[in-house]
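Take each chain as given, in its own frame, and dock them per the hints.
Below are the chains, spelled out letter by letter.
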Amino acid sequence: MRGATHARWTAVAVAVTLAATGCGGGGNGGGGGDGSGIVSSSWGDPQNPLEPANTNEVQGGKVLDMIFRGLKRYNPKTGAAEDALAEKIETDDSVNYRITVKDGWTFSNGEKVTAKSFVDAWNYGAHLDNNQKNAYFFGYIDGYDEVHPEEGDATARTLSGLKVTGERTFTVKLNQKFSTWPETLGYAAFAPLPTAFFEDHDSWLAKPVGNGPYQVDNYAKGSQMSLRTWNDYPGDDKAQNGGVDLKVYTDNNTAYTDLTAGNLDLVDDIPANQIKNAQSDLGDRYLNTPAGIIQTLSFPFYDKEWNTPDGAKLRTGISRAINREQITKTIFQNTRTPATDWTSPVLGEDGGYKAGLCGDACEYDPAEAKRLVEEGGGIPGGTMRLGYNADTGSHKEWVDAVCNSINNALGQDRACVGDPTGTFADFRNKIGERKMPGPFRAGWQMDYPLIQNFLQPLYYTDASSNDGEWSNEKFDKLVDDANAESDTAKAVEKFQQAEEVLRDEMGAIPLWYQNGSAGYSDRISNVELNPFSVPVYNEIKVG
Amino acid sequence: MGRYVIRRLLQMIPVFIGATLLIFLMVNVMGDPVAGLCGDRQCDPATAQRLRTDLGLDKPVWQQYLTYMGNVFTGDFGTAFNGQKVTELMGSAFPVTIRLTIVAIVLEIVIGITLGVVTGLRRGRPVDTGVLILTLVVISVPTFVTGLLVQLLLGVKWGWIKPAVSSEATFGELFVPGLVLASVSLAYVTRLTRTSIAENRRADYVRTAIAKGLPRRRVITRHLLRNSLIPVVTFIGTDIGALMGGAIVTERIFNIHGVGFQLYQGILRQNTQTVVGFVTVLVLVFLVANLIVDLLYAVLDPRIRYA
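For the protein sequence lines, the chains are A and B, in the order given. Residue 336 in UniProt numbering is what sits at position 336 of the first sequence, and the numbering runs on without skipping anything. Residue 174 in UniProt numbering is what sits at position 174 of the second sequence, and the numbering runs on without skipping anything.
No lab work stands behind these hints, which were simulated from the structure alone. Since we're looking at a predicted model, the values are computed, not measured. Take the hints with a grain of salt, since some may be wrong.
[What the hints assert, rightly or not] Using 27 Å as the maximum straight-line C-alpha spacing, the simulated DSS-like pairs for lysine-lysine come out as follows:
1) 304(A) x 112(A)
2) 207(A) x 112(A)
3) 207(A) x 313(A)
4) 247(A) x 276(A)
5) 157(B) x 276(A)
6) 157(B) x 247(A)
7) 354(A) x 304(A)
8) 59(B) x 430(A)
9) 370(A) x 313(A)
10) 238(A) x 112(A)
11) 207(A) x 177(A)
12) 435(A) x 157(B)
13) 77(A) x 435(A)
14) 207(A) x 157(B)
15) 541(A) x 207(A)
16) 247(A) x 85(B)
17) 59(B) x 221(A)
If we strip away everything but chain B, and leave its shape as in the complex, we get (with noise of 0.2 Å):
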């Protein structure tokens, strides 16, 4: 188990490496972010010259890289065009988005698990027929539709959220953003579990358990669902990593200054910084949430062993 853990740890030396040059490649193509500095006009050009030397524009992409990695490693994620730094950015975004997140994953796992769980049991009776159509609905309908419809009968018209998060973004203020953030995560969550308990539920163990006269509760909880969940935990996992990175649609909707936010702001004014910092970040959340899932692999299936 230890050396499974330090193997993958390694692994995920050169994913690293390599998802954080692609980034800054990838930043680097847009374009020169100087030119997007003085509005509708030319910036004048000595001060233009002198902000790309500031930046470091004026060096090669690779050195820029080897800089700014360098940079990373001693804890400087470098300045926003605004002078903030962006790890004070980062203190600021990912703590609103990190209870973002945990809203949505809780949302997924009570309601998508139960709702799964329900509908496999009762494969073909009308509540799984409804359930299902439900979930259709959800998966077909973008978020930011379901987001703005939302937002405009519970905040506006009903009156019972305020449509626009605070900048202090509780966790109250956050269940609404959170559950329409979860929606499509959601309906798959319960797709999965249902189809997984389904089939499950005709495994010879199944059989056995009920055969033992186990009672239905422990044979469903125990035996059942424990080793229906391998792709669902799967599947949520990688969702940590997508609702983080991914929520920018949702925090414009509901006024959330969070990871989506600053990403999409850094994107918009081609800020190498703040956007490599960000997406950084994100890459080793989506690795370190990929290591979990497999080491709780064998905790759910006492079959899968790690050596």
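In isolation and in its complexed conformation, chain A is listed as follows (with noise of 0.2 Å):
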């Protein structure tokens, strides 16, 4: 690839001299320094309609973290949740809460933000008829259970557990002590919504109305949406630019490749196979900052050849087996970090995260590695087959790779092949009817920065993503401890102890944190992504 390097290099070269004499491809009006100047940004199409309890994928969440603002708000640095359009949020018991929204906020399209734009839009997002797949979130709300029954029909239109009392203030009562629960608020579900939305659906649809830093000026489903920034947004974070294009790439290959040639602003999530070379075109317009990813493996403990006594000693063989060091820096270039926790480095220290908690169990150690894999009574089968979808994600490099590691610390040629299947809708698919013949990848993306959400909904028994079946009495009694601990302190240490227990029984194998990655243009400065990976639009400055 020396070759292309090279060439890319002279591609930039020529490209800033287009851009210097004015001869520049990127069709983006003019707009110096003084804010008005528009980011070109690369796009996917959005897999669900735009709703905010609908979407649960990066390139929706995009528009939604622009058009809206929730009660709360992940700050973009340290990933803290922080008070948005929330005055307070009282609790005397960590069960009855009681919220205040702050005066002065509307939607773009002149309506004030209520109480009741919150209890509407909650009510919806939890309710089994308007298909909401984030509806999980309104779980804890007292009455989820009467619009929302895992089976039949929903017995009530509205949540019990929520109570409007006042123009500005409504109240929530959860179905279990929730000490953190707050900080969940940031999440795109929690959002407000306008009448406008359960009036006209379709063309609110069509064109989305919010209360965030961006109104969309016009949307062309599959190809692209123009944000422009409102001008009478009411909060501090005003967008510093004067609005964003969001265009949709067939492939991000091409989207970086029109960056290269000046075209295109910012690209998010830059291809793996480009990233050896994004460092020497871009220099230090190439982001690569940790994200709230982590990629385990799991384990199908619903088999019983991968559940018995000594299983542990086999999970920790493999574990120590797995040379991440060398499968981080060699197939991923470094964007991704070896684990040593089940957590992400973006909780930070107070949040969660812990360094070394994995400790020995996460160390490559061929010698100890073959010798714990013996006692644990050795690999089932004398194969594994490890799981994963082969459509997105360049997962097959870093498969075999690591499969390739536990072989020859086995010394075994077959004890781990790969897996593949031809589709992630397929692959969820098996894993949903714990159909997996061994262990298989899991990625999880957080949905708010906390350790429980790194804990809970993935190891807890019969969670909602629990896909390996893994259940340990002790885990549970600690994770429900920690939930009912109010002091966040206490609550995170025995969320840790709860970790620790994952460790000893090794009930997932933590690989790797994924970082997020970005490259942009000349034209603009300012350009972070948060910790959920998403470009920090409204602070980018153009000019």
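Next comes the structure, spelled out in structure tokens:
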């Protein structure tokens, strides 16, 4: 690739010259440093309609982050949940919350943001009939079982735990103690919605209206969305640019090429095979920052062969046979960091991230790995099939590398083989039907930056994303205790104790923390990725 | 002639039903699409169940197929997962792909046939050998290599074109992608024409035409070329369908939001409605293109008559 890198250098030089002489191909209108310039950014077609409680992937999330502000907002740098529309959120018992909404906020169509805007939106998001894929976020609110029963029809229209008590006040009753619940409110699903959303749903979807720093100017589904700065935005995180044009690219390789040719300002999620070039092409205009994503290997505990009394030794052995250091360096070009716990560095130490919590169990040691696997009864059937989906995310490369590492450590050629599934949907299907014949890859992108989110949904008995059906009473008990703890520091400590149980049993093998990557043109500056690996658009400066 | 056309049109019906049924079954075999909608996590069972009911996935496959075909005949191709009507997707994707196909076919005809005639008439000369080697190179290099290379050189290094096509996708923007898309077929057209011309050059009717004292130009265009085009037209006819549906690679490289891209996305998301809808239209394109090819035979070669 030396030649290509060279070519790209020349390309950048050409692009720079062209831009300097004013014949750049970029079709963006002028706007110098006065905050009126438009940023063009790569985009992918959102998978679901752009409703707040129905968007669970980054592409739709980008838009929601621009056009909505909820009660809380996660600080783009630290990830801490800070009050946005919330004036105060009070509780005495971690079950009943009294929420006051700040005065003076409106939607971009002029409608006031009131307590009702929130309550209506949450009721909509939770109700079974609305097919909202993030409905489970409202599962902690009392009355969820009536509006969203596991089987059969809903028996109530609204959540009984939500009550509007004034124009700007409402109360929330949870169905269990959950002391850090207010911190979850920065998630897009909890955004307020204007009455237009309910009255004329189709035209709202064609041109969403929210209360964030941007408003949708024009939305051509499947090709482009133009967002423009909302001048009357009442918040203090007003957009520093004139607007953002999100352009759908068929392939992010093409988006990257367009960036190097000077036709695009910002590409997030740089394709793995371009990362090598990105550093030399873009220099310090290439971002590689930690995101709240961890990759693990889950085990099918529903399969008797993988659920033996000595299983912990076997699983720890496999963990120790994986050379994370080498794989993250050679395959991922350091856009992944070897994991040493089950959370993510974006939580920060106060938030519950504890480097090295995994200890020896995550350290590469072929001799020890071999011994542990043998003591654990050996690999079931002599060969384990490592499941992954082959359509996205260059999973094949690292799965093959992990298998090689394991095979070398154990000194067996066939101890581990990759087991690809054609599409992501089919892969999820097999997992959902509990048909995985061996360990499988599991990726977790946090919903909100809380240690709870990295543990409870994944490892609590029968939790929504506990795909391996790992179950441990001690772990469950510690998580319950942690949720009931009103002091955050103590709660975090309890969660970490639970994590230690997870480590001792090796309920899932942590592989690496994933970074978000982005590259940008020299037209724009002050570009950052938030902990959800979404660019912080409102802070970007043009010119 | 009229009866022949009607007979052919009637034959299309079973082909159409069979083809759509096969596609429908194949997409179904890939499994439950709802599972892929919730990211790296389990959809909550109640919502997943409702989505399945809404999409009609809880019914047996034969019933799904019948409902789908019933809807198709009333012009309803269903809804994609992102809430867009499939007809709306087609409305935006097909014009783009048709433009791309037109560019590719025109290039194929103009360049391919010209080169074919030139080399066919000058068999064994340096120009013939040169073009043969060139076509061999083009045929053996996969489209994605040609595409990426052209994109890097013309788009990034020399800056002659924009590396990515905008969402308007005008003819001008589609010229280079069209050339890349046509390159392999172009090489085949050249070779087919060349062989056919070289063979027919010694045919009796060409000798007669020359003996009659017709000008060389007229002998070549009216007599030689016209009779030599039959295999070429067959190839180009089937190629129309292949270019429209098979542009997946080219469309992804050059950011063209056409049929190939929609199909690719539909397959990744296992969106039955999108995939079957688009393929259904492509099947129709194939069938009609083939019919036109067969009718063209009679125009090209007076010896062929349809009764």
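How the hints compare with the structure:
For a cut-off of 27 Å, the pair hint linking residue 304(A) to residue 112(A) is broken: about 57 Å separates their Cα positions. With a C-alpha separation of about 19 Å, the suggested pair residue 207(A) and residue 112(A) falls inside the 27 Å cut-off, and the hint holds. Between residue 207(A) and residue 313(A) the CA atoms are separated by roughly 55 Å; this puts the pair beyond 27 Å, and the hint is violated. For the hint linking residue 247(A) to residue 276(A), the alpha-carbon distance of about 24 Å falls within 27 Å, and the restraint holds.
Taking the CA atoms of residue 157(B) and residue 276(A), the gap is near 19 Å; set against the 27 Å cutoff, the hint holds. Taking the CA atoms of residue 157(B) and residue 247(A), the gap is near 23 Å; set against the 27 Å cutoff, the hint holds. For the hint pairing residue 354(A) with residue 304(A), the CA-to-CA distance comes to about 32 Å; that exceeds 27 Å, so the pair is violated. Straight-line distance between C-alpha atoms of residue 59(B) and residue 430(A) comes to about 20 Å, which keeps the hinted pair within the 27 Å bound.
The suggested pairing of residue 370(A) with residue 313(A) holds, with an alpha-carbon distance near 10 Å, which does not exceed 27 Å. Distance hint between residue 238(A) and residue 112(A) is fulfilled; the C-alpha atoms sit about 18 Å from each other, no more than 27 Å. Under the criterion of a C-alpha separation no larger than 27 Å, the hint pairing residue 207(A) with residue 177(A) is inconsistent with the structure, at around 39 Å. Straight-line distance between C-alpha atoms of residue 435(A) and residue 157(B) comes to about 50 Å, which puts the hinted pair past the 27 Å bound.
A C-alpha spacing of about 40 Å is found between residue 77(A) and residue 435(A), which places the hinted pair above 27 Å, so the restraint is violated. Taken as a hint, the residue 207(A) and residue 157(B) pair is broken in the structure, with Cα atoms around 38 Å apart against an allowance of 27 Å. Proposed proximity of residue 541(A) and residue 207(A) is supported: the alpha carbons are some 25 Å apart, at most 27 Å. Of the supplied pair hints, the one linking residue 247(A) and residue 85(B) holds, its CA atoms being roughly 21 Å apart against a limit of 27 Å.
With a C-alpha separation of about 30 Å, the suggested pairing of residue 59(B) with residue 221(A) is violated against the 27 Å cut-off.
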